[in-house]
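Here the protein sequences line up with chains X and G, keeping their order. Note that the first sequence ends on residue 483 in the numbering used here; no numbers are left out. Note that the second sequence ends on residue 397 in the numbering used here; no numbers are left out.
Simulated from the structure, these hints should not be mistaken for laboratory data. Cβ atoms here follow ideal geometry from the backbone N, Cα and C, with glycine treated the same way. A couple of the hints might just be wrong.
The calculated PhoX-like cross-link candidates involving lysine-lysine, where the alpha carbons are at most 25 Å apart (straight line), are [unchecked claim]: (1) X:K168 with G:K186; (2) X:K364 with X:K329; (3) X:K223 with G:K202.
Just so you have them, the derived chain G footprint on chain X, three or more residues with Cβ under 8 Å [stated by the list, open to error]: (4) 382 to 388; (5) 431 to 445.
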Amino acid sequence: MIEMPVPDRKIIAKQGDLAAALRRIVPAEQVIHTAEELKAYECDGLNAYRQPPLLVVLPDTTDQVSRIVRLCAAEGVPIVARGSGTSLAGGSLPTADAVVLGLSRMKDVVDVDYGNRTIRVQTGITNLAVTGEVQPDGFFYAPDPSSQLACAIGGNIAMNSGGAHCLKYGVTTNNLLGVTMVMADGEVVEFGGAHLDAGGYDYLSLICGSEGQLGICTEATLKILPIAEGARPMLFGFDTNEVAGEAVAAIIRAGLSPVALEFMDKPAITVSENFAKAGYPLDVEALLIVEVEGSDAEIDEQLTRIEEVVAPFGPSTVKRSGNDIESAKIWAGRKAAFGAIGQLADYICLDGCVPLSQLPDVLKQTAELAEKYGLKVANVFHAGDGNLHPLIMYEANDPDSARKAEELGADLLRLCVEKDGCLTGEHGVGIEKRELMLTQFNERELRQQMAIKDVFDPAWMLNPAKVFPLSLSTPHVEDRRAA
Amino acid sequence: MTDAPDTDAPDTEEGVAAIVREAASSVAMPLEITGGGTRLGLGRPVQAARTLSLAMLDGVTLYEPGELTLVAQAGMTVKALGDLLDGENQQLTFEPADHRALLGTTGEPTLGGAIAVAAAGPRRLRMGAARDAVLGVRYVNGQGDVLRAGGRVMKNVTGYDIPKLMCGAYGTLGVVTEVGLKVMPKSEIVRTLAIPGLPDGKAIAAMSAALAMPCDVSAAAHLPRSVSRELGFSDAVTLLRVEGFETQATYRVESLTEALASFGAAEDVAEDPWVAIRDVMMFAGDDRAVWRISMKATDAPLLVASLREQIEVEAFYDWGGGLVWLACEEGRDAFAGPIRQSLAGFGGHATLIRASDAVRAAVPVFEPEITAIATLSKGLKARFDPAGILNPGRMRA
């Protein structure tokens, strides 16, 4: 089980006074204080871990956020910023002595600028709503995490979210031009803007992916891109994971730039086919979905080349979409995979990355480890960039099964690091992978990262118990706060 | 490369670390960090007792064409890197500028230098800058610790993104010894379309229209007449680079030509103008001051028009207008006052790229930071380089 720091009783004792002070900043109904209502904020997408916060405050404006942060800084109260609470890593898990600063009311589109292809939004807006705003005019916002219907841009910035299409368009950090950030002392600072380059140190680089530990982003300027004329996928089935992995490398090496390159292994194919009836072959070990974009002629040209490149690897199934209906069918199984697995069992979704060349070996070892723990693992992932999403199926009501699932998860992430990969590609460290950080980095490397937090947040008041192992951060935070 | 007695050029990472440790210990002895030495005129002049050259650390650690991944040491030359990638029909994503012609330097530009100064060329518009290509770094901090950050995989949120922070930090936060990069395939067809005769404002509008189409335009620049003449054009010219497979490229050219017809007839350009634009060749070989201004594309012609009323300037636009290159008389301060005051009304920042040492020591080369950000910058410098020995004064006085 993942530990959390011991909450500060003195802060908890101040709950009433603090709530009253917050009500002087935002309307009374936007300060949540009853045990019953606080329960709604006790966890995020990593729902095995729950802890109601001291209070929740839901501001409407940057100025209110600034005043809330000032108040909490003066009172020595930690703040956990929260977008929509979809983090799979426990990135917005509260502590009992923390105020959750929820961005859910801050959903305004501030400005759309088609001439410069940018949109300015408040960070509580959902990812999909950003695209929704500009879609009628032929634009979209590229990062598309699978939680995009619910997840907030603020959370996307915190975790540097990606999605199925980042092979071509990059992740959040490649599509973020500027932020308004409330600093740990409440000062409101603009970083970046509508221009492309940083004028000094590249602060946006640090802010994106910092898991709400450096400041609270209240507004963001994002790049928007023209929507392609069309997109069509192709499906390939292979007899082994090895050959499927080789085919992926060959596609990339050939200079073909698909917008999506998704991989499903046998357990994932079986489960999703039973559920979605997408017509996937059941006699294959691995399945690839490759999607390209453009006009009809452009798509045909690219799909033909992909088919030529893959042919020498002897795919046992080749299905090429010729129209929207066929495209939807090819995608149906992939899109239903998580839901289908959810029908069968509780699951943990991991997020490690490995170099493509290590893929077959990692899948083989994943199966072996799963067997050792007596658990089932299905793999559905973004193959183009080696971002694995093993789904570990377990019984949440059975503590033994839950413990085993967590241990298997940790083993699989250690395997990713061993194979020259990393612990997390797009979900973030949060609490989930905090203690594993020492398998990826040594203590000095982590202390250099912690020094960055010291510079932005000297007393470690913003989302303190995340990202860094408690063995390093707890004594460090005590020292910082005593100073 | 050891061209001066006070230059150290270690051939191992540990050698780099040892020199940094020595420099940081007891009596702090500042180091100027160099690679090929072609970009030392960028930023402010550094007062350093010793030079630490990365030129001997020039190996390739790993190249996986099927993963679009390359890891190389910082001293590897951009040319050697380009040759290696070319062998697999691949290239760097960020098209780093070569500053030799503009700055009048010799030697071979290195990967470390390109990363340190965030040297992104025309393709930045479509594929991002150095920071967008960097997957991971190994670096030596100011205490001589060899540290890693990021990695070699395409997606990574495991810890703060120090690799990107190192891009454009001019060697002031750490000595980068090795860089992991995302690379990209070369296109089968590369064509450049030109629309002649547009005034600046209309040209920006034409480029915005082109970039709003799903044609993956990989570069867009506008050269007013006085500048375009340097490249052999007879009139102002608005340039668009189109790439792709055969059918694709043809289709894209046709789509753009049709959509931009109201701006003028677009024609193919035979000779590739993008290297000259990338390296600002039009301003090479004279003694004017050169500024690089990053701003909102649609504001750029307004800034240039406003400056033309105040001082004598020559300007051209890259990145669809989002990057303005400006040449003016050097004078006492390269007209930093009027340029930055005019820019302040629009937003963005101006960097003085070429001027004499005296002017670059007297004028803030980089856009002055507001107090809150200046405090962060000082804080980061103090925590990465407590003794203040890495390129002191390169970015800020």
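Discussion item. Hint by hint, where does the structure go against what was stated? Just the numbers, ascending.
Written reply: Number 2 - this is the single hint that the structure violates.
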